[in-house]
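Enquirer: Below are the chains, spelled out letter by letter.
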Amino acid sequence: MSASTTQRDDSGESGLVLTAAAIAEAVGGRLVGDGMVRVARVAPLDRATGQDLSFLAAAKYAAAFTASRAGVVLVAPELAETPGSVAVRIVVERPQEALLTLLPRFHRAPAATPGIHATAIVGSGARLGAGVSVGAYAVIGDGAVIGDGVVIGSHCVIGAGVEIGAASQLYPGVTVYSGAVIGRRVTIHSGARIASDGFGYVQRPANGGVEHVKIPHVGRCVIEDDVEIGANTTIDRGSIDDTVVGAGTKIDNLVQIAHNVRIGRACLIMAQVGIAGSVRVEDGAMLLGQVGVSGHHTVGKGARLAAQAGVFGDIPAGETWSGYPARPHKEALRAQAALFKLPSLLRRIERLLDRTPESE
Amino acid sequence: MSASTTQRDDSGESGLVLTAAAIAEAVGGRLVGDGMVRVARVAPLDRATGQDLSFLAAAKYAAAFTASRAGVVLVAPELAETPGSVAVRIVVERPQEALLTLLPRFHRAPAATPGIHATAIVGSGARLGAGVSVGAYAVIGDGAVIGDGVVIGSHCVIGAGVEIGAASQLYPGVTVYSGAVIGRRVTIHSGARIASDGFGYVQRPANGGVEHVKIPHVGRCVIEDDVEIGANTTIDRGSIDDTVVGAGTKIDNLVQIAHNVRIGRACLIMAQVGIAGSVRVEDGAMLLGQVGVSGHHTVGKGARLAAQAGVFGDIPAGETWSGYPARPHKEALRAQAALFKLPSLLRRIERLLDRTPESE
Amino acid sequence: MSASTTQRDDSGESGLVLTAAAIAEAVGGRLVGDGMVRVARVAPLDRATGQDLSFLAAAKYAAAFTASRAGVVLVAPELAETPGSVAVRIVVERPQEALLTLLPRFHRAPAATPGIHATAIVGSGARLGAGVSVGAYAVIGDGAVIGDGVVIGSHCVIGAGVEIGAASQLYPGVTVYSGAVIGRRVTIHSGARIASDGFGYVQRPANGGVEHVKIPHVGRCVIEDDVEIGANTTIDRGSIDDTVVGAGTKIDNLVQIAHNVRIGRACLIMAQVGIAGSVRVEDGAMLLGQVGVSGHHTVGKGARLAAQAGVFGDIPAGETWSGYPARPHKEALRAQAALFKLPSLLRRIERLLDRTPESE
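Residue numbers (the numbering used here), protein chains in the order written: chain A, 1 to 360; chain B, 361 to 720; chain C, 721 to 1080.
Honestly, the hints are just simulated from the structure, not real lab data.
A quick note: this is a predicted structure, and the numbers were derived from the prediction, not measured.
Keep in mind that the hints are not guaranteed to be accurate.
With a cut-off of at most 30 Å between alpha-carbon atoms, the simulated DSS-like pairs for lysine-lysine come out as follows [as the list claims (entries may be wrong)]:
no. : chain 1 : residue 1 : chain 2 : residue 2
1   : C       : K1050     : B       : K690
2   : A       : K330      : B       : K690
3   : C       : K1061     : A       : K341
4   : A       : K60       : C       : K934
5   : B       : K690      : B       : K661
Beta-carbon label-pair distances, calculated as ranges [said to hold, decoys possible]:
no. : chain 1 : residue 1 : chain 2 : residue 2 : range
6   : A       : R204      : B       : G485      : 38 to 44 Å
7   : B       : D508      : C       : T833      : 29 to 35 Å
8   : B       : I476      : C       : M756      : 45 to 51 Å
9   : B       : T473      : C       : Q771      : 38 to 44 Å
10  : B       : D406      : A       : R127      : 22 to 28 Å
11  : C       : P925      : A       : S124      : 42 to 48 Å
12  : A       : R347      : B       : A419      : 55 to 61 Å
13  : A       : R127      : C       : N927      : 29 to 35 Å
14  : C       : Q771      : A       : G129      : 57 to 63 Å
15  : A       : G208      : C       : T769      : 35 to 41 Å
16  : C       : R1067     : B       : D714      : 52 to 58 Å
17  : C       : R750      : B       : I476      : 51 to 57 Å
18  : B       : D714      : C       : N927      : 54 to 60 Å
19  : A       : R351      : C       : K1050     : 19 to 25 Å
Some chain C residues flagged as far from chain B (calculated, every beta-carbon gap over 12 Å) [claimed, not checked]:
no. : residue
20  : A796
21  : T802
22  : S844
23  : G849
24  : E1051
We put the beta carbon where it would ideally sit given N, CA and C, even for glycine.
For reference, chain A alone in the conformation it holds in the complex:
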């Protein structure tokens, strides 16, 4: 296995080399030290070397700063004078945020070397674009269409007829069933299952009980451009209509998206969320961890669902809802506050009611 093949799996230590001056300009910070010092990576203070950029955002890390050997450090204004021998300081408000904002510019994903690994199996009639990279033991089905520059990790299995748009990346061990259509610049993490059969059965009486007869799934699973899908997430194909994930939407790990769901553009779906069949999630909605949305409802544009919310109805656009069953967040908070006051009042209320004659 060549170096380039495994580098594909590396989410990345290699990156651009930036000067301290360029960094200071990018974050709008004040440079203290030699602007020509160069850094190539990012690391926390205690692991940073002279080639690393780091940050100091809170006084409790002052000692780590003093001991650090980082090349360049983003430092909060109130900590600008912390003693230490780092080569260059850049004084900036909210250094961690500045660093995160900087990372996408600073960091360069490792280039995958184009080529089909000798052990990969490509089905008959499959069409692979320019610069495609296919890892060890990957299996690509008959008639699949793989766009330019796509990276397919080792052990991925791509069903017959699947389409994957240019510059998409599949990490190792992804399964894409037939019926999937995947856009451009899509990232799919390890173990995700795309276009598996939905959970649909017709009930039929049998032997004094009921029998569940499987409904074949012939709808597609359409993943639009710039979507990211987390590790071990499952997205079912539609029964007749399609399941669709809109452009720019980001999905975390272990999420379940059922058949015929339609998710809009630029949504954020956090870990372990479950979205039942035929739900619509409109553009820009945000579903926090472990939210559940029951079937056929709509989560409106830009709505926000707090962690663990249980949704059993439509959620109006732009609102924040929480709790079980989900309610407007303020209302849910008031109900919870009242609930926790209740036990101490209950005995007094009961006594009062007992003493008060009730007129019929």
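Position chains B and C relative to chain A; hints supplied.
Expert: Below, chains B and C without anything else, positioned relative to chain A:
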């Protein structure tokens, strides 16, 4: 890789060809047009061609119907006169339901070509029945027993001594640990893990704290006939006794079933449900998405648990429970309604109590 | 494929042979019968043979005992005289517990035969210790460092530069991304994903909406010694700082651990728990099934969270909290009890309020 090999991964575009007359008879509908028109697949109106069957169930899709090129369309009675040039209409109540009921007859799962892929590894002493199909890079352990007509997808790993009954199908990337016994006509979706170790430890004092010493798992994981298991679902083997999933039970994606659980026949277990150790789920029970059942309880025959219910006791047969902690559904609804009335009353109640002298 | 290769996947039928006398001594039980009878495995009464150890803990299993052919049975004192022909009885309080306690001594994990399977791919510069076993189709990245006696199951993918400590075991189909550092005696079950990218984006206005720009993840994912990780669990790498799972912590199936989380030593994290970014879980904490902990909070040392608890704040050390939003368990129970009393009181309260003039 031959065409037939990859078709195995295709959940299916090929199917029987049916005439419009046969369809009308099957759904009990009224035929309008040429009964000899033939269709071979199912598609939504906007993607249907002359070889496709589609449906029109709601007025909002009338324009799609008018523009559609479908060969045959199931149409609701009130929409029977919608203009359009589709070759044949079949007028029927609830067209979508009719189509779903029809699909299992209409649709034929793609035939997997029997044979062991050249890259598959079969352990010593393993016995494979007639017509077995084993995909690329699958690994079958020593002494495994694989029944007639079983389809094992690419990248599956089957542990030593595992038994799989006739006509079962494993999609790509399933792991079956040793200790599993799988029945006939079982379908297991990609990434499911069957018979992994349960979560069991003995606590032992160590270094001022506690140490968790693993309990080896030697019970089996028994999956009976006609079970379907969703993508990335995990089912642990028993510690000493077995874990059992009863015949005809259907399990969705990302479900967790712990050691020693016993699930009855024809249950429906929806996505992200978690069932803790030694729980019993009796025949025909239905657990909706994200339900959690804590250890050692029983969910009675035909009981129904609403989405996200948290079960901390036994559930009587035939009842519907919901909420956290789960209560009979009507009682839970009343409690929730009262809770959301409470904040507006609370201030009035507090004032009333403050004004009322409490006799000791 | 040799017998030894597949035995690796066997969580174990082989074991030590123990005499009845040794067992009686180990559990502090009273031996009835021939102390030299030997057993080699554990099985429930109905499946036990003369080579098996079993147990009888409840009267409802008396008939199974009578019919059993087990070699040695642990029997509860009140059932010591149950008729039957098993060779040896050992009378002991809580026989099942005694058996579980015994299992780790009794049972020996199957020895994996050292060696690299012919189909495994090992990257350039990777260093493998003595006695390492690498299964079929495993892919080990460039520069990875694999300690003595490590067992890597078939179909595992190990990223470039990953370190795995001595005597660790990865079951088939585990993916370890670059950026992971795994300790000694760590067990990782099938389908777990270690060091995948965290869910982190910077929002940027775009086309009238918002665009989510990925934050590259360059922190590590550190798994300390003696950790066990369940099937299909996902643990993200840190964004800049590390994600850390402390020594001796045990993690069940389908758990999500987000970026920058720090979990202490000897914690128990049960199935489907979700831990959001930057949470700290201190030593010995116990999180039951489906618990969710929202970002940046701390779960104190030895704290215990009941199943499905939703945590939106810090949890004090040593306390048990439950419910949504999580509260001290006793307080949560009182609130729930009050809630379910409320509907019957509410009408009476409303009438009382209506009859009572409210002074301003």
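Enquirer: If a hint holds in the structure, say so; if it doesn't, say that too.
Expert: How the hints compare with the structure:
The hinted pair formed by K1050(C) and K690(B) meets the criterion: a straight-line CA distance of about 25 Å does not exceed 30 Å. Proximity of K330(A) to K690(B) is assessed by CA-CA distance (about 25 Å); at most 30 Å being required, the pair is judged to hold. The suggested pairing of K1061(C) with K341(A) holds, with an alpha-carbon distance near 14 Å, which does not exceed 30 Å. Our distance criterion of 30 Å between C-alpha atoms is met by K60(A) and K934(C), whose separation comes to about 28 Å.
With a CA separation close to 19 Å, the supplied pair K690(B) and K661(B) stays within the 30 Å bound. Distance hint for R204(A) and G485(B): a CB-CB separation of about 40 Å, consistent with the stated range 38 to 44 Å. As the Cβ distance of D508(B) to T833(C) is approximately 32 Å, the hint placing it in 29 to 35 Å holds. Checked against the hint of 45 to 51 Å, the C-beta distance between I476(B) and M756(C) comes to roughly 48 Å, which is consistent with it.
Roughly 43 Å separates the CB atoms of T473(B) and Q771(C), a value that falls within the hinted 38 to 44 Å. As the Cβ distance of D406(B) to R127(A) is approximately 25 Å, the hint placing it in 22 to 28 Å holds. The hint said 42 to 48 Å for the Cβ distance between P925(C) and S124(A), and at roughly 46 Å that hint holds. Evaluation of the 55 to 61 Å hint for R347(A) and A419(B) yields a pass: the beta carbon distance comes to about 57 Å.
Separation of R127(A) from N927(C) is about 31 Å and conforms to the stated range, judged on CB atoms against 29 to 35 Å. Range check, Q771(C) to G129(A): Cβ separation about 60 Å, and the 57 to 63 Å hint holds. Checked against the hint of 35 to 41 Å, the pair G208(A) and T769(C) passes, with Cβ atoms roughly 36 Å apart. A hinted range of 52 to 58 Å is violated for the C-beta pair R1067(C) and D714(B), which are about 22 Å apart.
The hinted window of 51 to 57 Å between R750(C) and I476(B) holds, with their beta carbons roughly 55 Å apart. Under the hint 54 to 60 Å, the C-beta atoms of D714(B) and N927(C), about 57 Å apart, fit the expected range. A hinted range of 19 to 25 Å for the beta carbons of R351(A) and K1050(C) is consistent with their spacing of about 23 Å. The beta carbon of A796(C) is kept farther than 12 Å from every beta carbon of chain B, the shortest such distance being approximately 15 Å.
Here T802(C) stays apart from chain B, with its beta-carbon at least about 19 Å from theirs, past the 12 Å limit. Distance check for S844(C) against chain B: the nearest CB is about 23 Å away, which clears 12 Å, and the non-interface claim stands. No Cβ of chain B comes within 12 Å of the Cβ of G849(C); the nearest lies about 23 Å off, and the non-interface call holds. Separation of E1051(C) from chain B is adequate, the least Cβ-Cβ distance of about 15 Å exceeding the 12 Å criterion.
Hint violations for this structure: number 16 only, all remaining hints satisfied.
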